[in-house]
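Asks: So the chains spell out like this:
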Amino acid sequence: MNASSNNTPESRVTTGVGDPGHNRSSTTPFNWSVRRELWENRSIYVAPLIAAVVALFGFLVSTFGMPERRQGVLLLDPAQQRAMIGAPYDVAAMMLIFTAFIVGVFYCLDALHSERRDRSILFWKSLPVSDLTTVLSKATIPLVVLPVIIFVIIVLVQFLMLLWSSAVLLSSGLAATTWTRFNLFQQSLILLYSLIVIALWHAPIYGWALLISGWARRATFLWAVLPLLAIGILEKFAFDTSHFLSMLKNRVFDAGDTAFAFQPHHGIAITSLTQLTPGRYIATPGLWIGLVFAAAFVALAVWQRRYRGPI
Amino acid sequence: MATIEARGLRKTFRTTVALDGIDLRVEEGRILGLIGPNGAGKTTALNAILGLTSYEGDLKVLGRDPWSERDHLMQDVSFIADVAVLPRWIRVTQLLDYVAGVHPRFDRAKAESFLARTTIKRTSKVRELSKGMVAQLHLALVMAIDAKLLVLDEPTLGLDILYRKQFYDSLLNDYFDHSRTIVVTTHQVEEVQDVLTDLMFINRGRIVLQCSMEEFDSRYLEVMVNPEQVAAARALKPIHERSVFGRSVLLFDHADRGQLAALGEVRRPSIADLFVAVMSDNTEQPQPPPVTTATYGASEGAIR
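First to last, the protein sequences are chains A and B. Note that this note's numbering has the first sequence beginning at 12, numbered continuously upward. Note that this note's numbering has the second sequence beginning at 4, numbered continuously upward.
Be aware that a few hints might be false.
[As the list claims (entries may be wrong)] Just a few of them, taken from the derived set where beta-carbon distance is under 7 Å, the chain A residues facing chain B:
id: 1; residue: 40
id: 2; residue: 99
id: 3; residue: 137
id: 4; residue: 138
[To be verified] With beta-carbon atoms standing in for the labels, derived distance ranges:
id: 5; chain 1: A; residue 1: 57; chain 2: B; residue 2: 16; range: 40 to 48 Å
id: 6; chain 1: A; residue 1: 226; chain 2: B; residue 2: 71; range: 43 to 51 Å
id: 7; chain 1: B; residue 1: 60; chain 2: A; residue 2: 232; range: 54 to 62 Å
id: 8; chain 1: B; residue 1: 20; chain 2: A; residue 2: 258; range: 29 to 37 Å
id: 9; chain 1: B; residue 1: 71; chain 2: A; residue 2: 293; range: 32 to 40 Å
id: 10; chain 1: A; residue 1: 233; chain 2: B; residue 2: 119; range: 27 to 35 Å
id: 11; chain 1: A; residue 1: 265; chain 2: B; residue 2: 119; range: 55 to 63 Å
id: 12; chain 1: B; residue 1: 193; chain 2: A; residue 2: 60; range: 50 to 58 Å
id: 13; chain 1: A; residue 1: 151; chain 2: B; residue 2: 60; range: 36 to 44 Å
id: 14; chain 1: A; residue 1: 318; chain 2: B; residue 2: 229; range: 57 to 65 Å
[Stated by the list, open to error] Listed below are the simulated EDC-like cross-link pairs for lysine to aspartate or glutamate, each with C-alpha atoms no more than 16 Å apart in a straight line:
id: 15; chain 1: B; residue 1: 134; chain 2: B; residue 2: 163
id: 16; chain 1: B; residue 1: 134; chain 2: B; residue 2: 79
id: 17; chain 1: B; residue 1: 63; chain 2: B; residue 2: 79
id: 18; chain 1: B; residue 1: 168; chain 2: B; residue 2: 197
id: 19; chain 1: B; residue 1: 134; chain 2: A; residue 2: 129
id: 20; chain 1: B; residue 1: 128; chain 2: A; residue 2: 129
id: 21; chain 1: B; residue 1: 128; chain 2: A; residue 2: 51
id: 22; chain 1: B; residue 1: 63; chain 2: B; residue 2: 74
id: 23; chain 1: B; residue 1: 168; chain 2: B; residue 2: 157
In short, the hints are calculated from the structure, not lab data. For glycine and all other residues, C-beta sits at the position ideal for the given N, C-alpha and C.
Produce the complete structure using the sequences and hints provided.
Replies: Here's what the structure looks like:
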C-alpha cells in the first residue's frame with residue numbers, strides 16, 4: 012500500500028485524551044470467564060439443586076414411622092446408633108457428590124467443543140483473553156466452583172433434614188437424639204475435606220475430558236471413554252492382566268482410600284475428625300501422578316486451543 | 004509504523020497453497036478492501052492477521068506477531084467474522100458485562116447508546132434476535148471498542164439491503180477516523196466501492212491487483228462504445244470487453260480520457276467490472292478476451 016499516513020494533529024490529540032480513560036478501567040478476564048461459564052452452563056447449579064430436592068423428598072418419605080424406629084435404634088451401641096441415624100445424611104451427601112462428578116465430567120466434555128460447534132470461538136478469540144485464561148477458567152468449574160456449590164447445597168440439605176427430623180421427633184421427645192449423633196458442624200468440616208480430596212483425585216479425569224473436548228470434532232464422550240476401554244481390553248487379551256482397567260476404576264471410585272481411616276464394620280461413614288488422614292493422602296503417589304497428568308492435559312488443551320477454529 | 008506489514012506471507016494446508024507469498028503494507032487511516040473469489044485466500048490472510056492461524060513469512064500487526072501475541076493484540080484489534088459468531092445462549096446484558104469485564108478499551112456507555120438506536124432489548128438472548136439485529140449488536144460492541152484496527156470478514160453476508168447500507172453508514176459516520184484502519188473482505192463489492200480508500204484483488208493466494216481508490220479512479224475507464232467504432236476502440240488495447248444490451252463495453256487501463264470520449268460514453272468502472280476483467284485475465288483464458296454476456300444489472304451485482 013502506498014497509502015499516506017493521515018495522522019493529523021487532531022487525531023493525535025483525540026487518542027491522547029482518550030487513552031488515560033481507557034487505562035483506568037481495570038479488567039478481570041479470569042473472573043468474567045468463570046462467570047461466563049455459569050451463564051452458559053446452568054446445569055452446574057441446576058442439576059445439584061434438583062438432586063437436593065430429590066434427596067429431601069426421599070428423606071421426607073422415609074420419616075414416616077420415624078419415632079418408633081428411633082426408639083429401637085437407641086437400644087444399639089453408640090457407634091451403631093451414629094451409623095443408623097447418620098445414614099440418610101451421608102446418603103444425601105454422596106448422592107450430591109456423585110451428581111457433581113457427573114455434571115463436572117459432562118461439562119468438561121462440552122467446554123471446548125460447544126464454542127467450536129456454534130462458531131462462537133471466533134468471537135471469544137476476538138477479545139483480549141488468552142487461551143490460558145480461557146482453559147483455566149473452564150478447569151476451575153469442576154475443580155473449584157462445583158465443589159463450593161455442592162458444599163453449600165449439602166450443608167443446607169443436611170440442615171433442612173435435621174430440622175425436619177426434629178419436627179417429626181418432637182412429640183416423642185427424641186428431637187435432640189439426631190443432633191447429638193449427627194454433628195452438623197463437624198460433618199461440614201469432614202465434607203469440606205472430602206470435597207478437596209475428591210476434586211484433587213478426579214483432576215486428571217476433568218483434564219482429560221477438557222483435552223478431548225477441544226480435540227474431537229464430534230462424539231466427545233465416546234472419544235474420551237472408548238480408547239481407554241480399548242487399552243484395557245487389549246491388555247486383557249495380550250497379557251491377561253487388567254492393571255489399566257483397575258487403575259481407571261481406582262481413579263474414579265477410590266478417591267478416599269488413603270484420605271480416610273475407615274473403621275471396620277462401619278462402611279464408609281466418617282464420624283470423627285480423627286478419621287481424616289491428610290498426611291497419608293498427601294503421601295500417596297497416585298495423587299501426585301494424577302495431578303501431573305491433570306496439569307499435562309490442561310497444558311495440552313491450552314496449546315491446542317490456539318490452533319482451533321469452528322468445526 | 005504501518006498497521007499491517009507482511010512480507011512473503013505463506014500458508015499451506017497439506018497440499019493446497021492458501022497464501023503464496025503475499026507482501027502487504029497497510030498504513031494507519033486506510034480502509035482496505037480485500038476482494039477475491041471463494042477460496043482465493045482472503046479468510047486465510049485475515050486469520051493470519053488476527054492470530055487465528057499460523058503462517059510462514061514475516062507478519063507484524065501494530066508491531067506485534069499475531070500468532071504468538073493474539074491476546075495482547077486483541078486489545079487494539081476488533082474483528083467481526085461473518086455474521087453469526089455471537090454465542091446464541093448469551094443475553095445482551097451479559098454480553099455487555101462480559102466485554103466490559105475483559106476488554107480495557109471497551110466503552111460500555113457508547114455501546115449502550117448505539118444499542119438505543121436499535122430495537123434490540125437488553126434482556127433478549129442472541130438466539131431470539133433476527134440476523135440483522137445480531138449484526139447490529141456485534142457492530143455496537145465493536146464500535147464501542149477503541150481499537151486501532153478493525154477486521155471485517157464478510158460482515159454483511161446474509162443481511163437484507165437496509166441492514167447492509169446501515170452497517171457501512173454507521174461504520175463511516177460513528178466509528179472511522181484517520182487514526183483507525185479497517186480491512187474488509189466482501190463479495191458485495193458495490194456497497195464498499197465508495198467506502199474504501201484502497202483496493203486489493205487476491206486470487207489463488209497471490210495479490211493480483213493493488214491500488215488506492217484515487218489511483219483506481221484515474222487509471223481505469225470504461226467506455227460504452229458506439230457500434231461503428233468498436234474496431235477502433237479495440238485497437239487501443241482494452242483490458243476487458245463485455246457486451247451490454249448488444250453494445251460493447253470496453254475497460255481500459257491507463258488510457259487517454261479524451262481519446263476514449265470520441266469512441267462513446269466514458270464512465271468510472273465499478274470494482275466488480277474491474278474484478279471480472281482482472282480475474283479473467285488472471286486465469287489466462289484464450290485471447291481475445293471472452294465477451295461476457297452479463298447484463299448491465301448483473302454487472303452491478305455481487306461477484307460470485
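Asks: Each hint should be assessed against the structure and marked as holding or not.
Replies: Here is what the structure says about each hint:
1. 40: 4 Å, holds
2. 99: 37 Å, violated
3. 137: At 4 Å from the nearest chain B Cβ, residue 137 of chain A passes the 7 Å test, so the hint holds.
4. 138: 5 Å, holds
5. A:57 - B:16: 40 to 48 Å: Check passed, 42 Å falls within 40 to 48 Å.
6. A:226 - B:71: 43 to 51 Å: 22 Å, violated
7. B:60 - A:232: 54 to 62 Å: Once the Cβ atoms are compared, 40 Å apart, the range 54 to 62 Å for residue 232 of chain A and residue 60 of chain B is violated.
8. B:20 - A:258: 29 to 37 Å: 46 Å, violated
9. B:71 - A:293: 32 to 40 Å: 38 Å, holds
10. A:233 - B:119: 27 to 35 Å: For residue 119 of chain B against residue 233 of chain A, whose Cβ atoms are near 48 Å apart, the range 27 to 35 Å is violated.
11. A:265 - B:119: 55 to 63 Å: 58 Å, holds
12. B:193 - A:60: 50 to 58 Å: Distance hint for residue 193 of chain B, residue 60 of chain A holds at roughly 55 Å.
13. A:151 - B:60: 36 to 44 Å: 38 Å, holds
14. A:318 - B:229: 57 to 65 Å: Holds, since residue 318 of chain A and residue 229 of chain B (Cβ atoms, about 58 Å apart) stay within the stated range.
15. B:134 - B:163: 9 Å, holds
16. B:134 - B:79: 27 Å, violated
17. B:63 - B:79: It holds: about 13 Å lies between the C-alpha atoms, which stays within 16 Å.
18. B:168 - B:197: Answer holds: residue 168 of chain B to residue 197 of chain B is near 12 Å, not above 16 Å.
19. B:134 - A:129: 15 Å, holds
20. B:128 - A:129: Judged against 16 Å, a Cα distance of about 15 Å means the pair holds.
21. B:128 - A:51: At roughly 11 Å apart (the allowed maximum being 16 Å), residue 51 of chain A and residue 128 of chain B satisfy the hint.
22. B:63 - B:74: Holds. Residue 63 of chain B to residue 74 of chain B sits at ~15 Å (cutoff 16 Å).
23. B:168 - B:157: 14 Å, holds
Against the hints set out earlier in the document, violations occur for numbers 2, 6, 7, 8, 10 and 16.
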